[in-house]
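Asker: Here are the chains, one letter per residue:
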Amino acid sequence: MQYEAVIGLEIHAQLATESKIFSGAATRYGAPPNTQACLVDLGYPGVLPVLNREAVRMAVRFGLATHCRIAERSIFARKNYFYPDLPKGYQISQYELPIVHGGYIDVICADRVKRIGITRAHLEEDAGKSLHEDFQGMSGIDLNRAGTPLLEIVSEPDMRSAAEAGAYMRTIHTLVRYLGISDGNMQEGSYRCDANVSIRPRGATELGTRTELKNLNSFRFVEKAIEIEIERQIDIVESGGTVVQETRLFDAERGETRAMRGKEEAEDYRYFPDPDLLPVSIDSALVDELRAGLPELPVEKRERFMAQYDLSAYDADILTASRPLADYYEDCVRHSRARPKLAANWVIGDLAAALNRADLEIGESRVGAAELGALLDRIESGTISGKIAKEVFEAVWNGEGGVDEIIERRGLRQISDSASIEALVDEVVAANPAQVQQYRDGRTQVLGFFVGQVMKASKGRANPRQVNEILRAKLG
Amino acid sequence: MSLDSTDIDKLCELARLAIPADEVADVSAKLSDIVALVDQLKAADTAEVEPMAHPLDRSQRLRVDSATEDVDRELYQDNAPAVERGLYLVPKVID
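Chains as they are written, first to last, in the numbering used here: chain A, 1 to 476; chain B, 1 to 95.
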């Protein structure tokens, strides 16, 4: 039988606020344990939560960017469970009336656009962290993360393959970074994901029993874990069994998913409205203000790049993957008379490679956008060849000076006057009588050998087009 | 609706409470009375009534996003039974 997978994702994006969602404690990553856990975060008696304005604004901006409805009135609820990294015994979350709901985002997967529904996105607080090693049989609890604002983004079960789930997760990742509402740092846990996975016979409309996969903290793991889980479920059904609804952990090392113990007790969080928090009102003036302040979104930017700079979908995709990269590219194009396509090739090619080698972000590039623009101008005007430009780029990258300075100091200016090139050609022709004879006997492919020799003699500076022309004339 | 001993067991599990076996019947009867009261409330027709999230007819006040709290870890951890390297120590928990 043919099966299809049905996948929905719950993404937790940590919001990039200065302070916690309900307290004035800092949210900086990597602080010494429990130095950013204030009395509110610790759940001391008598404290009251006060909602962070910025967290609300960020959630609304996300909603606007994903065509969601913004709730005029939303409420916070208590999600009750016991765990040592949750000091209050409940997590403040949203249940019945989330801040935004009912939207979608278009995702590109295997060159096709797929629309993924967004059921809702709600605000909630993160829990602390448990450390299980090295405490004489005890667990250590760090509550710095407790109370950090999260936006939980819940998709419709609209994805049909691991690749689609990966594409959706990447698209949302790009979006939250464009919006500046999350740094999306997956190593630090600022962007994480759970996946609900089920299978059904292809064409069926009813949903199969789903399992929930946890601990998916990289794009690669999400795709891998879902693939493995789909296979596992198909194996069960094919061998006459039934899939059990449960939470499973992905073990990247062993390449398997396995049931989490201790959660057999059907989850019963006994949600109820948090009496410490009043309903949140969002009026249309605020929504309008936030809508007007939205940046150009990835999809729009990608389309504009294709139209305005005549780029392929591939180039536009890469260049718009992050806002700083797109900004660098546009800055470079603005500073140059060269074709935008040439700029794209350099940014995606040599620049990206250099950044990669040095493990730097685009914002830390050692060749500025204006400097790269100047380099492209010298290529376009024929001052230097594309090959020499790589040498110049290297030198600028290594801090040896500006583009023109390096070209002059190293004498890299392209030789374009015919007399000089003719002199070089004459030398090479005179030194290689055997090859000249071959050429004249009709083995014209030795022209390549001559071009190579002349370029070598000019230390790569001769204009290759002219070298070709002059060689043909002299040999002919 | 009345609660039986299975319901009580489940509630105890969720609330991390232990009720001595000889008190289960009594607790069960009392809780059932409370649930009966709720059932009575549920009988009211609320089709036209918007659920009340909070008894105060006001909206949540929002706080400016800035880190204003100084954390005195030593003071806050003073009442913790066990602390090591700044961490609270608790009986081992593993999923």
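FYI, nobody ran anything at the bench for these hints, they're computed from the structure.
No residue lacks a Cβ here, since even glycine has one placed at the ideal position from N, Cα and C.
There's no promise every hint is true.
To be verified - Heads up, simulated EDC-like pairs for lysine to aspartate or glutamate below, C-alpha to C-alpha not over 20 Å straight-line:
(1) B:Lys10 to A:Glu408
(2) A:Lys459 to A:Glu408
(3) A:Lys79 to B:Glu13
Unchecked claim - Footprint (simulated), chain A over chain B, 3 or more residues, beta carbon under 8 Å:
(4) 31–43
(5) 60–73
(6) 76–85
Asker: Hint by hint, note whether the structure agrees.
Answerer: Do the hints match the structure? See the list:
1. B:Lys10 to A:Glu408: The hint is violated at about 83 Å.
2. A:Lys459 to A:Glu408: Given that 20 Å is the threshold and the Cα spacing comes to 15 Å, the pair holds.
3. A:Lys79 to B:Glu13: OK: Lys79 of chain A and Glu13 of chain B at ~16 Å, within 20 Å.
4. 31–43: violated (count 0)
5. 60–73: Our answer is that it holds, as 12 residues pass the Cβ test (under 8 Å) against chain A, meeting three.
6. 76–85: holds (count 5)
Against the hints set out earlier in the document, violations occur for numbers 1 and 4.
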